[in-house]
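Trainee: With chain A fixed as given, assemble chain B onto it according to the hints.
Residue-level listing of the chains:
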Amino acid sequence: MSDLTANSPVEDVRSSYMDMTRKKRAYNAIMLAIFVALMAAGFVTADDRNAGGFWDGLHQLFDFPAEVLGEASGKLAEMPAHFVKFFPSLVETINIAGASTLLGAIVAIFLSLLATNGLARWPRLIPLFRRMMDIMRAIPEIVIALVLIFVLGGGPVPAMIAIAFHTSGALGKLFSEVNENASLKPVEGLQSVGASWAQRMVLGVMPQVSPNYLSYALLRFEINIRASAILGFVGAGGIGYDLKNAMSWGKGQYDEAAAIFLLLFGAIVLVDQISSILRHRLTHGAHMEATL
Amino acid sequence: MLKIENLTKTFGSVNAVDNISFTVDRPMMIGVIGASGAGKSTMLRMLNQLETATSGKITVEGRDITGLKGADKRRWQRDCAMIFQQFNLVPRMDVVSNVLHGTLNKRSTLATMFNLYPSEDIHKAIDILDRLGIAAHAAKRAEALSGGQQQRVAIARAIMQDPKIVLADEPIASLDPMNAQIVMDDLRRIHDEDGRMVIANLHTLDTARRYCDRVIGMRMGRIVFDGTPEQLTTGVARDIYGADASFSEAATSTSLDALEREAALA
Numbered sequence: 001m002s003d004l005t006a007n008s009p010v011e012d013v014r015s016s017y018m019d020m021t022r023k024k025r026a027y028n029a030i031m032l033a034i035f036v037a038l039m040a041a042g043f044v045t046a047d048d049r050n051a052g053g054f055w056d057g058l059h060q061l062f063d064f065p066a067e068v069l070g071e072a073s074g075k076l077a078e079m080p081a082h083f084v085k086f087f088p089s090l091v092e093t094i095n096i097a098g099a100s101t102l103l104g105a106i107v108a109i110f111l112s113l114l115a116t117n118g119l120a121r122w123p124r125l126i127p128l129f130r131r132m133m134d135i136m137r138a139i140p141e142i143v144i145a146l147v148l149i150f151v152l153g154g155g156p157v158p159a160m161i162a163i164a165f166h167t168s169g170a171l172g173k174l175f176s177e178v179n180e181n182a183s184l185k186p187v188e189g190l191q192s193v194g195a196s197w198a199q200r201m202v203l204g205v206m207p208q209v210s211p212n213y214l215s216y217a218l219l220r221f222e223i224n225i226r227a228s229a230i231l232g233f234v235g236a237g238g239i240g241y242d243l244k245n246a247m248s249w250g251k252g253q254y255d256e257a258a259a260i261f262l263l264l265f266g267a268i269v270l271v272d273q274i275s276s277i278l279r280h281r282l283t284h285g286a287h288m289e290a291t292l
Numbered sequence: 001m002l003k004i005e006n007l008t009k010t011f012g013s014v015n016a017v018d019n020i021s022f023t024v025d026r027p028m029m030i031g032v033i034g035a036s037g038a039g040k041s042t043m044l045r046m047l048n049q050l051e052t053a054t055s056g057k058i059t060v061e062g063r064d065i066t067g068l069k070g071a072d073k074r075r076w077q078r079d080c081a082m083i084f085q086q087f088n089l090v091p092r093m094d095v096v097s098n099v100l101h102g103t104l105n106k107r108s109t110l111a112t113m114f115n116l117y118p119s120e121d122i123h124k125a126i127d128i129l130d131r132l133g134i135a136a137h138a139a140k141r142a143e144a145l146s147g148g149q150q151q152r153v154a155i156a157r158a159i160m161q162d163p164k165i166v167l168a169d170e171p172i173a174s175l176d177p178m179n180a181q182i183v184m185d186d187l188r189r190i191h192d193e194d195g196r197m198v199i200a201n202l203h204t205l206d207t208a209r210r211y212c213d214r215v216i217g218m219r220m221g222r223i224v225f226d227g228t229p230e231q232l233t234t235g236v237a238r239d240i241y242g243a244d245a246s247f248s249e250a251a252t253s254t255s256l257d258a259l260e261r262e263a264a265l266a
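Residue numbers (UniProt numbering), protein chains in the order written: chain A, 1 to 292; chain B, 1 to 266.
These are computed hints drawn from the structure, not numbers from a lab.
No residue lacks a Cβ here, since even glycine has one placed at the ideal position from N, Cα and C.
Here are the computed lysine-lysine pairs in the DSBU-like style, where the Cα-Cα straight-line distance is at most 35 Å:
1) B:164 to A:24
2) B:140 to A:173
3) A:24 to B:124
4) B:106 to A:24
5) A:173 to A:244
Calculated from the model, a selection of chain A residues having no Cβ within reach of chain B, i.e. all distances over 10 Å:
6) 85
7) 91
8) 103
9) 134
10) 143
11) 154
12) 184
13) 195
14) 202
Derived coverage of chain B by chain A (criterion: at least 3 residues anywhere in the stretch with Cβ under 8 Å from a Cβ of chain A; other residues may be distant):
15) 115-124
16) 130-142
Pulled out of the complex, with its shape left as it was, chain A reads as follows (with noise of 0.2 Å):
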């Protein structure tokens, strides 16, 4: 046991702590002081910046969904058509998102592999990998889908990779995660029958790390959604080109916006829910294993 504290008087510990409390609270007074000055200026900024002026156009917030809302329910007999109409539209949304996810995610896998300490395959190129992820995850859909599009011409395809880019990135990263609270355990074991890399992650990492894979990919594919519905926007195809034309037709089609927004939001709704109650269950089913 260390008991320094028989030389050492209170007096001295009482007015070095003080010391370090008053410190302690001058630099947080000064961050707080600083946030508040940086918020307000940020606001200010963006408020001189905006075209109409943020008080302004405060008031207005709510016209535009009161004008669709407005029509919408003039034309409400017509509303089970329109969702017939646009159904296909939206399959094809969902079906871009779920090509991207899947595809996605298993370059993810190789790529968080590889860039996971005491697992990667050549331990030197670990900065190469996470390096590759950040870029990949840094580039957003948009720009991706928008160099394609302009190169492949519009349609799903060029929506649906530059998604999956996007998601090898996200999913590598959260991949990488889970990998280093795997147990190296297993992957020693393994190693010691003379196991390939290959066999070593299948048989030894996959096991232990496959319901958080699934977890994060269910994730990722509702997110999938919400982009494949806003590439459609810049003409790749899907619900959200429909959504732009019915929006930019004006006046007279907002009942079409109308029924998209409730088309897409149910199948965000339901794919979320369908989702957490896999993801409950695998969690709760990994549970329920290390228990037994």
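Mentor: Relative to the frame of chain A, chain B by itself:
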């Protein structure tokens, strides 16, 4: 001062604590012994209101504390400090802040969230740490301290609450014999010098005999022994733990004295 009447706690179909009653008329140091699962922890947790009693009544100085809720309950918890086996400190905060947590109930939520405490409280916290011999570690993070030191920080937090009753749930079960002795000495001092009631769950009989004024033995949720340390013979201990004649205290003792006693006998 403390009166427990027909206290029962049921988890599912199991009675963790089964209809226990006892009275303590003056502040004393009480040791509760018994095998794992005998209901010792559950009883202490009900006293602190971390656990709600299924039925029965706990009265402290004439006031029923069993059904307290919200602010009243938190006010009671301030008067009834708890020390845990695994210390339950905030590992990434410094030692003095951890001790100052003892004042959370009487300070405003907003000020404490920004870690702002009055200077006299800070001085008092450091004095308590000095009294327990760990003032030199005041500015360190709690996680940087050894187990024995962390438990003393937990005791300092308890003293900071200025409680009527100090509850200790297996306070020395995670400590080596030397630190265990220091921590038990500290708990005894809280009783001797400050006149507070101390109730400690213990898992070694010699600790209970050496430090406590009164020993309560529990088995399967019931009180099977209640008496002075002198009355706690090996035969009684066998009954408490449901052990047979092969049971020997010294075999599992963690006290340094027990080794000496063994050596003296040999």
